[in-house]
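**Student:** Residue-level listing of the chains:
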Amino acid sequence: MYKLLNPSPKAIDMGFTEPNMVLRIANNAFIPFNPDNTDYQAYLKWVAEGNTPLPADEVKA
Amino acid sequence: MAYGTVQADVIGTSVAGSNLGAGDASMLKNRIINGAMVIDQRNSGASVTNTTSSIYCVDRWFIQGSVSSKFSAQQTTTAPAGFVNSWKFTSLSAYTPSGSDYFQAIQAIEGYNIADLGWGTANAKTVTLSFQVYSSLTGTFGGGLTNSAFNRSYPFNFTISSANTWQQVSITIAGDTTGTWATDNSAGIQVRINLGVGSTYAGTANSWQAGGYIAPTGLTQFVGTNGATFYITGVQLEVGSSATGFEYRQYGQELALCQRYFEQWNGGSQYAPMGMGQIGNGNGFTYAAVPLVYKRTTPTVSLSSLAGGTIFSAYGTNASGGSFPWSGNITVDTSMTGNLGIDLQSALGNSTAGGAGTCVYVILRANQYIQFSAEL
Chain A
1 MYKLLNPSPK
11 AIDMGFTEPN
21 MVLRIANNAF
31 IPFNPDNTDY
41 QAYLKWVAEG
51 NTPLPADEVK
61 A
Chain B
1 MAYGTVQADV
11 IGTSVAGSNL
21 GAGDASMLKN
31 RIINGAMVID
41 QRNSGASVTN
51 TTSSIYCVDR
61 WFIQGSVSSK
71 FSAQQTTTAP
81 AGFVNSWKFT
91 SLSAYTPSGS
101 DYFQAIQAIE
111 GYNIADLGWG
121 TANAKTVTLS
131 FQVYSSLTGT
141 FGGGLTNSAF
151 NRSYPFNFTI
161 SSANTWQQVS
171 ITIAGDTTGT
181 WATDNSAGIQ
191 VRINLGVGST
201 YAGTANSWQA
211 GGYIAPTGLT
221 QFVGTNGATF
231 YITGVQLEVG
241 SSATGFEYRQ
251 YGQELALCQR
261 YFEQWNGGSQ
271 YAPMGMGQIG
281 NGNGFTYAAV
291 PLVYKRTTPT
301 VSLSSLAGGT
311 IFSAYGTNAS
321 GGSFPWSGNI
331 TVDTSMTGNL
341 GIDLQSALGN
351 STAGGAGTCV
361 YVILRANQYI
371 QFSAEL
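Protein chains in written order, with our numbering: chain A, 1 to 61; chain B, 1 to 376.
The set of hints was computed from the structure by calculation and includes no laboratory data. Treat each hint with caution, since some may be false.
[Unchecked claim] Taking lysine to aspartate or glutamate and the DMTMM-like style, the derived pairs with C-alpha atoms no more than 25 Å apart in a straight line are:
| # | chain 1 | residue 1 | chain 2 | residue 2 |
| --- | --- | --- | --- | --- |
| 1 | A | Lys45 | B | Asp101 |
| 2 | B | Lys125 | B | Glu247 |
| 3 | A | Lys45 | B | Asp184 |
| 4 | A | Lys45 | A | Asp57 |
| 5 | A | Lys3 | A | Glu58 |
[To be verified] Pair by pair, the computed Cβ-Cβ distance ranges are:
| # | chain 1 | residue 1 | chain 2 | residue 2 | range |
| --- | --- | --- | --- | --- | --- |
| 6 | A | Met1 | B | Ser241 | 41 to 51 Å |
| 7 | A | Met14 | B | Ala94 | 56 to 66 Å |
| 8 | B | Gly179 | A | Ala48 | 23 to 33 Å |
| 9 | A | Met1 | B | Ala46 | 22 to 32 Å |
| 10 | B | Ser54 | A | Phe16 | 29 to 39 Å |
| 11 | A | Gly50 | B | Thr200 | 42 to 52 Å |
| 12 | A | Gly50 | B | Ser54 | 17 to 27 Å |
| 13 | A | Asp13 | B | Gln253 | 22 to 32 Å |
| 14 | B | Ala94 | A | Asn51 | 47 to 57 Å |
| 15 | A | Met14 | B | Gln167 | 26 to 36 Å |
| 16 | B | Thr78 | A | Phe16 | 34 to 44 Å |
| 17 | B | Ser162 | A | Leu54 | 47 to 57 Å |
| 18 | A | Met1 | B | Thr177 | 38 to 48 Å |
| 19 | A | Asn51 | B | Ser241 | 39 to 49 Å |
[Claimed, not checked] Here are a few chain A residues that face chain B, going by a calculated C-beta distance under 10 Å:
| # | residue |
| --- | --- |
| 20 | Met21 |
| 21 | Thr38 |
| 22 | Ala42 |
| 23 | Ala48 |
All residues carry an ideal CB built from backbone N, CA and C; glycine is no exception.
For reference, chain A alone in the conformation it holds in the complex:
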């Protein structure tokens, strides 16, 4: 299972507005949204199979 992660307050200051990382809950793995990252590729495959990640927590500005 995965959970989307919102940008941190610092990231918001830098202009990020959308989740750009996902947490793989099973092993506390922070996976960047980078197409070369094979964990991200596995996450995309998991989503393509019809799965949905847990939503991100509310953004704290």
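Once you've looked at the hints, dock chain B against the given chain A.
**Tutor:** Chain B alone, transformed into the frame defined by chain A:
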């Protein structure tokens, strides 16, 4: 030596027309990383059991199965002369693979490291795969070389004629002149060791084929014998039509090669210093974690725990001269990631901390770890 005299040593090669580094010249000729199975950052020799996902065992090598819990894998000290480690597989049941079943061990070689082979072109170079094996079973075993798209395959086989005896295996493979073989930071060649395969992924032995095949047909099914064991070490893939001596690299070199893809920081039995951080506007702090080796791509960062008070400690001195040790959970700043470093931060405050801008000494607590993974 008189002035004007030039003396030189020559490194010869037994492969006609090859360049320095091929043949017997031992200069990074082996495209396999951790072929002697000496590096095991994740498991330190502990056994892992296959699932339907890829599970890394010894560094750079992972296992896969279509059905979970059919075999285990671990680094061992059982090894032939000249080696100190091997990779051991144990069959956990008597399972007969069929259809689309597969059980295998794989190393994916980065495209940059095979770009000179010219695969997918008319100038494709011949390579030789060699290794040593030892098994409780006798029979015909095998594996395959494939591209990352899994649509070009070269299944190969070899025979183990004596049980529980180390033997050398050598397979020479003409380079593939067709297909697409990555030459960038994605997977170039995938070297597969078969432990059981159904008909879907079994091809014709010793020839290039379109399609995805893990191994040839008609092999001994390792996972079919409960308790069977299979060891492998000294894996080498080199340019040329003959196997040369295994390329022994210094431990530090091998570790650094592995760390391009995976790096683990351990707290050890006592606390391990990670570096200096800085308190932000709140009482939490930010710490830039820079892995020791530049990664293949932006890594996944895994923490041994997200629970407060377990993974790190931080110490500093506030404006009044008082010390303020505290510990708490840590997260990854989603904006601050890259191949070079990761921004770790703690939101957990400490009422006696020194305020924004104060430096803190960050320590990974005992028995905790941080992993950086950019595996293929």
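**Student:** So which of the earlier hints does this model not fit?
**Tutor:** Hints 11, 13, 14, 15, 16 and 23 not satisfied by this model.
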